[in-house]
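Novice: Protein chains in written order, with this note's numbering: chain A, 147 to 376; chain B, 39 to 287.
The hints are simulated quantities; they were obtained by calculation from the structure and are not laboratory data.
Just to be clear, a hint being listed does not mean it is correct.
[As the list claims (entries may be wrong)] Computed list of chain A residues with no C-beta within reach of chain B, every gap over 12 Å:
hint	residue
1	F164
2	L173
3	A247
4	A337
[As the list claims (entries may be wrong)] Some but not every residue of chain A turned toward chain B, in silico, with C-beta under 8 Å:
hint	residue
5	Y165
6	Y287
7	V365
8	H367
As the structure is a computational prediction, the values presented were derived from the model and not from experiment.
Glycine is no exception: its CB is placed at the ideal position from the N, C-alpha and C atoms.
What follows is the residue order along each chain.
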Amino acid sequence: MFANYDFDVIWRSLPYLFYQGMTFTLLLTALATLGGIVIGTLLALMRLSGTAALTLPAAAYVNLMRSVPFVLMIFWFYFLVPYIGQWITRSAQPLQVGAFASCLVTFTLFEAAFFCEIMRAGIQSIPRGQMAAAQALGMTYPTTMGYIVLPQAFRNMVPVLLTQTIILFQDTSLVYVISVTDFLGAASKVAERDGRLVEMYTFAAVVYFVISLAASRTVAHLQRRIAIIR
Amino acid sequence: MNYHWNWAIFWELSPDGVHTYFQTLMLGTGWTLATAACAWIIALTLGSLVGALRTMPFAAAVRFGNVYVELFRNVPLLVQMFLWYFVMPEIVPRAFGTWLKQQPNASFYTAVVALGLYMSARVAEQVRAGILSLPRGQRQAALALGLTLPQTYAYVLMPMTYRIIMPPLTSELLNTIKNSAVALTIGLMELTARARAMQEFSFQVFEAFTAATIIYIVINIVVTFAMRIVERRVAVPGYLGFKAPAAGH
Numbered sequence: 147m148f149a150n151y152d153f154d155v156i157w158r159s160l161p162y163l164f165y166q167g168m169t170f171t172l173l174l175t176a177l178a179t180l181g182g183i184v185i186g187t188l189l190a191l192m193r194l195s196g197t198a199a200l201t202l203p204a205a206a207y208v209n210l211m212r213s214v215p216f217v218l219m220i221f222w223f224y225f226l227v228p229y230i231g232q233w234i235t236r237s238a239q240p241l242q243v244g245a246f247a248s249c250l251v252t253f254t255l256f257e258a259a260f261f262c263e264i265m266r267a268g269i270q271s272i273p274r275g276q277m278a279a280a281q282a283l284g285m286t287y288p289t290t291m292g293y294i295v296l297p298q299a300f301r302n303m304v305p306v307l308l309t310q311t312i313i314l315f316q317d318t319s320l321v322y323v324i325s326v327t328d329f330l331g332a333a334s335k336v337a338e339r340d341g342r343l344v345e346m347y348t349f350a351a352v353v354y355f356v357i358s359l360a361a362s363r364t365v366a367h368l369q370r371r372i373a374i375i376r
Numbered sequence: 039m040n041y042h043w044n045w046a047i048f049w050e051l052s053p054d055g056v057h058t059y060f061q062t063l064m065l066g067t068g069w070t071l072a073t074a075a076c077a078w079i080i081a082l083t084l085g086s087l088v089g090a091l092r093t094m095p096f097a098a099a100v101r102f103g104n105v106y107v108e109l110f111r112n113v114p115l116l117v118q119m120f121l122w123y124f125v126m127p128e129i130v131p132r133a134f135g136t137w138l139k140q141q142p143n144a145s146f147y148t149a150v151v152a153l154g155l156y157m158s159a160r161v162a163e164q165v166r167a168g169i170l171s172l173p174r175g176q177r178q179a180a181l182a183l184g185l186t187l188p189q190t191y192a193y194v195l196m197p198m199t200y201r202i203i204m205p206p207l208t209s210e211l212l213n214t215i216k217n218s219a220v221a222l223t224i225g226l227m228e229l230t231a232r233a234r235a236m237q238e239f240s241f242q243v244f245e246a247f248t249a250a251t252i253i254y255i256v257i258n259i260v261v262t263f264a265m266r267i268v269e270r271r272v273a274v275p276g277y278l279g280f281k282a283p284a285a286g287h
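Generate coordinates for the entire structure from the input sequences, incorporating the hints supplied.
Specialist: Spelled out as structure tokens, the structure:
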């Protein structure tokens, strides 16, 4: 099986794969996670606000994102982002946005729906009495949320949020469909240039496997350590 | 916005010369559903098997199950599709590889296998969690009554497990339908690929993607609704998911 397996092509393309490809993948994962958690938390607060004007749009947004394939959403945003940019900047032409910015907007907005559901579960896991106690002490709603509820909800949900981040890391490979050079995109470009599909795709699979496995092991370890003892 | 809307585009003839754009989207929907259905059969069968293995009192079986799940869960679906489509035919014996590559609808079979195995790891997780959630006494009672281990699983543990994990299985089924879109990368002309093709030929980006989005939402609603009915019928009395039927006279 390994008789004509060319390890050299992997070795030669390592700088390209990692400097260009993996940097893109990891940066996209990190920034989209941060943005996704922020927007997701806001969406969760909207869904739990009890005001129909806030609950309904947030619920509609989350359900829309959750019922459509990510690939389709990547296409949507790829064509939509220039028009959104044009609308925001009031320019005459659709705005030229780079591949990275376009991907970042797509992933942030898409993953926000999933982070929203996680944060919503986290907020709902806080006993109602804490909210009542904070209000009895004279705290306003924002203060209660910011100092009492959200820090605990966040802490409870850290393992789930990190697991979602691992899924996000794997999902970044889908930017392949708009020909962006992430890690898989870089591997596939080398594969096609040198006619070395077997080597490059198995190598990519091994790299994704090692990173995801290491990350999920770390999350499992973390989960045992930070669990609140009740 | 200087985008030129044209909703009548759906009734125009697509470049294949036979079907309108609307019909091509419908053909795509058919491929999406066929791929998802076949993959779901594989996912459910293998997932049940592997999930059950992971709860058996044999260290080797548990280890095999764990490796299986970690393997399929930690590699992105897109990469798995590429492995099955580009790599597998090259590393099997040459004659078999050539035969594989010459199959009509090769991308459909590949997508079914790749998606089925990928989802089977996730189904296995649900099945395992379901079996472990059963009271220990059920297994012990079955064994004490003289059922063999396979009989215990077949007649006692698995039927209960399926009834309990029906809601998470519903969302895995929906995930299977959504994930089938990844198969466009290996050339399967499913719904998202058809919308993409329509956009390329007609330049009506937003009409094409709106139509695809609506179709996906409709599929989602129909499946969710159908599974709600199934969930309600199979819910186990005494569990929180069970709602007593309205009392009649």
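Novice: Look at each hint and say if it fits the structure.
Specialist: Going through the hints against the structure:
1. Its beta-carbon lying about 16 Å from the closest one in chain B, F164 (chain A) satisfies the requirement of being farther than 12 Å from that chain.
2. Once the 12 Å rule is applied to beta carbons, L173 (chain A) is consistent with being away from chain B; the minimum gap is 17 Å.
3. The claim that A247 (chain A) is not at the interface with chain B holds, since no C-beta of that chain comes within 12 Å of its own (minimum 19 Å).
4. With a least CB separation of 8 Å from chain B, A337 (chain A) falls inside the 12 Å interface cut-off, contrary to its annotation.
5. Of the supplied interface hints, the one on Y165 (chain A) is violated, with its beta-carbon coming no nearer than about 20 Å to a beta-carbon of chain B, more than 8 Å.
6. Because the closest C-beta pair between Y287 (chain A) and chain B is about 31 Å apart, greater than 8 Å, the hint is violated.
7. Look at V365 (chain A): its Cβ only gets to about 12 Å from chain B, farther than 8 Å, so that hint breaks.
8. Contact between H367 (chain A) and chain B, as hinted, is not supported at the beta carbon level, the nearest pair being about 15 Å apart and thus beyond 8 Å.
Figure legend: structure checked against the earlier numbered hints; hints not met, in rising order: 4, 5, 6, 7, 8.
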